[in-house]
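We have chain A already, so just place chain B on it with the hints.
Chains A and B supply the protein sequences, listed in that same order. When we follow numbering that gives the first Met the number 0, the leftmost residue of the first sequence carries the number 0, and every step to the right adds one. When we follow numbering that gives the first Met the number 0, the leftmost residue of the second sequence carries the number 0, and every step to the right adds one.
I should point out that these hints are in silico values taken from the structure, not numbers from a laboratory. It cannot be assumed that every hint is accurate.
Note that the list lumps identical chains together, so a pair holds whenever it fits in one copy or between two copies.
Here are the simulated lysine to aspartate or glutamate pairs, DMTMM-like style, with alpha carbons at most 25 Å apart [said to hold, decoys possible]:
id: 1; residue 1: Lys-70; residue 2: Glu-41
id: 2; residue 1: Lys-200; residue 2: Asp-241
id: 3; residue 1: Lys-70; residue 2: Glu-250
id: 4; residue 1: Lys-200; residue 2: Asp-106
2 protein chains.
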Amino acid sequence: MPLNDTSVSPAQKKGRLLLIPNTLDLGCTGEPGESPLPDLREVLPLGALQAAAGLRYWVAENAKTTRAFLKRVAEVQALLTPIQEQDIQVLPRPPKGGQKKPGSGQDQAVRALLAPALAGHDVGLISEAGLPAVADPGSAVVLAAHRAGIEVVPFAGPSSLVLALAASGLHGQSFAFVGYLPVEASQRVQRIRDLELLSRKSHQTQLVIETPYRNAALWQALVQHLQLDTLLSVSCGLTLADGWSRTATVEQWRKRPLNLPDKVPAVFSWLAS
Amino acid sequence: MPLNDTSVSPAQKKGRLLLIPNTLDLGCTGEPGESPLPDLREVLPLGALQAAAGLRYWVAENAKTTRAFLKRVAEVQALLTPIQEQDIQVLPRPPKGGQKKPGSGQDQAVRALLAPALAGHDVGLISEAGLPAVADPGSAVVLAAHRAGIEVVPFAGPSSLVLALAASGLHGQSFAFVGYLPVEASQRVQRIRDLELLSRKSHQTQLVIETPYRNAALWQALVQHLQLDTLLSVSCGLTLADGWSRTATVEQWRKRPLNLPDKVPAVFSWLAS
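Next comes chain A alone, as it looks inside the complex:
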């Protein structure tokens, strides 16, 4: 361990779990024909960049993309530890159904990721896009940190869900993110109808995401199965130079077919009246 590793706290003192936001350009390469990738400073505040640059220990969904992120950080903020010396542990894949009933093996694996924090080092948690532990499996690590008495510090950064909500113009004083819809057609239709009913009864905006290559299929199902007067919104490529957000009634959308790109992240939301 280098002597100048300032992330080492005095003896016995635990490190913290720092929640480091990522950009929203997952899967975008910035190559010709695509939107250029934004400079990290345009979308991440300095607080997050400085925190990221000072870390050595990470918990991530993917080590390769985390190193790519650190490379982008290094372009705008000197790293305390060179990328090749960074310690990146990968989150175990959660059991199907999320963290509902994690097995004890899963619990133990998650706790083990926090060993550096128990030894006095700050640990960064990072997601593939946006805020960690929002719409991704990272929350198990955060909960384990609370249980172990490790301080959790979230850093401000972009979240596609609330950016899409803001840009939708749909009710922002009550909203729900419900993850992915079923892929199987009849189950998907049923879920769309259930969520529309919930939206109407609770006056609650419903938000979902989809794997980009299925964006067009999800859009088609929403336009086809939601009621005519339901407001339907889509945000595509948020924070990218050619990103856009549009909202209209389902009736209007039926008259105005929309082609969604199959490689750009999108967020879908609706509000029934």
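What follows is chain B alone, placed relative to chain A:
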């Protein structure tokens, strides 16, 4: 109009509605004894700061706090238009019950706010804290923009709701923000129980906010009325130097009374198992 106002687009071209994030330190003065206010660059990305600095027309909840925000922006980014020449229009107070059934007078008042955009100028929408149109009445303006064919561009910035969710360690793949709970005691208890049931049935994290001076009363009600094994989290002063987030079971909270400050914004969340 100054000749160098670059927000003026060519004839006929509409301006855009830019969603400018604010900080999360609403109501905090940074005076001795309080947390110092963060440098704007620490919590807002450069993209948002540059967009804010280039605007002249605003729609805001409050003109005075918007000028205070612009003064903070000016400390880190030169404003294109001096503060005293900025055109800040204030959002009409929404009718009780939110935007559910806005009267036509309300609709007209909201549309009028977009006149500068129809005349070719970019208009900034800003909230008292965090992202505009999330947990505030700004969504009516955004929806009016979509209806008028005005492009809506959200800028990345902090949202206390998703930061609190990330920091809670509660399920982040399904969550709902339900605004404020009723103030009246028996209605509040009923709502807490309903939302706990919903959380259990849907495995969905529930988030609420409260006016800071009622933080302690809400906390007491949650600890008293949620089930013992429900996970309950509170984030206080997010992005402030002395902000913190903690999560434990209700059973643990009952043994560990917590004093919540009465002037610092907090976000509450829970997940029933």
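With 25 Å as the alpha-carbon cut-off, assign the pair Lys-70 and Glu-250 to within, between, both or neither. neither (46 Å within a copy, 44 Å between copies)
Taking 25 Å as the upper bound on the Cα-Cα distance, should Lys-70 and Glu-41 be classified as within, between, both, or neither? This pair counts as both: shortest intra-copy Cα distance 16 Å, inter-copy 20 Å.
Within, between, both or neither, where Lys-200 and Asp-106 count as close if Cα-Cα is 25 Å or less: Between copies, since 23 Å is at most 25 Å while 37 Å is not.
Within, between, both or neither, where Lys-200 and Asp-241 count as close if Cα-Cα is 25 Å or less: neither (35 Å within a copy, 39 Å between copies)
Hints 2 and 3 from the earlier list are contradicted by this structure; the remaining hints agree with it.
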